[in-house]
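Given the sequences, and given the hints that come with them, work out the whole structure.
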Amino acid sequence: MNGTSDILCIGSVLWDVIGRTDASMRQGNDVPGRITRLPGGVALNIAMTLKRFGLTPALLSIVGSDPEGDELVTACDDMGLITAFLLRDARLPTDSYIAIEDNGGLVAAMCDAHSLEAAGDRILAPLFDGRLGSAEAPYSGPVALDGNLTEALLIDVAEHPALRKADLRIAPASPGKATRLTPLLAHPGATLYVNLEEAGLILGRTFDAAFHAADALVAAGATRALVTDGARSAALGEYAGTISDTPPRVPQKRVTGAGDTFMAAHIAAERRGESGAVALRTALNAAATYVSGEDPA
1 MNGTSDILCI
11 GSVLWDVIGR
21 TDASMRQGND
31 VPGRITRLPG
41 GVALNIAMTL
51 KRFGLTPALL
61 SIVGSDPEGD
71 ELVTACDDMG
81 LITAFLLRDA
91 RLPTDSYIAI
101 EDNGGLVAAM
111 CDAHSLEAAG
121 DRILAPLFDG
131 RLGSAEAPYS
141 GPVALDGNLT
151 EALLIDVAEH
161 PALRKADLRI
171 APASPGKATR
181 LTPLLAHPGA
191 TLYVNLEEAG
201 LILGRTFDAA
211 FHAADALVAA
221 GATRALVTDG
231 ARSAALGEYA
241 GTISDTPPRV
251 PQKRVTGAGD
261 TFMAAHIAAE
271 RRGESGAVAL
281 RTALNAAATY
291 VSGEDPA
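The sequence shown lines up with residues 1 to 297 when you count with the UniProt record's numbering.
These aren't lab readings, by the way, just hints derived from the structure by calculation. Accuracy of the hints is not assured; some may be wrong.
[As the list claims (entries may be wrong)] Okay, the calculated beta carbon distance ranges per label pair: (1) A186 x G141: 18 to 24 Å; (2) A84 x S24: 43 to 49 Å; (3) D78 x P32: 28 to 34 Å.
Even for Gly, the Cβ is constructed at its ideal location relative to N, Cα and C.
Here is the structure:
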């Protein structure tokens, strides 16, 4: 799909395969449940939620030229997302993610983002060659960036002149990739969206509350940091100070994608003119709605 975008979503665009059961699981269990395949990946999850909030995202990623990739691009087009800047490569398969969830939440997950990692900075070509920006005319709009990119590519994003004016909104993708975000702390337009564990990994410390983690990320150089902690209080840290709020209590129907929903809802809230505690509350409400099994809008 072609068109004018409100925000760029850079990172993983893939198929999510999610198995859910109402039972409680332990290692080695084989239980009945439901298995679904849905368009996913951090960047795409954020883009889909932003679209529900009335924005028009453009995707920068790689999708294979295989049948799975063709089906995925068609699904993105049908949702009204801009796919014109996607890299298609016949040599690389479409990436995928698999997760198992039980009645207590996420049991295990695995992301195969090898094609995204292999593509490297080729997915960013539209930001460098003039289609969306260049070193001489930097892109100055909002960018949702996910940590599935390689550390080298994230460093390139942090330092490249074509992105020096961008409003970077950054998610780590998983705790195992959180430390990749360290170079982005120095970007003047960066906002981090992390959970409590990820904040601790970035800073090499442990925290007992989101408030302290957000405060510490700003002290370490982050312009802004939003830290979530499941059903416990979340926090927004910035130079002016740190605030916190507690998400609504809801029945837990799903987990995968909740953090992406929180991030997208916060971005959309700020695009509407909300700020500070109001935008934080809007994002927490949207994430709670998602966890309860409903789609926020």
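Requested in this report: Compare the structure with the hints numbered earlier in the document and write down the numbers of the violated ones, lowest to highest.
Outcome: none
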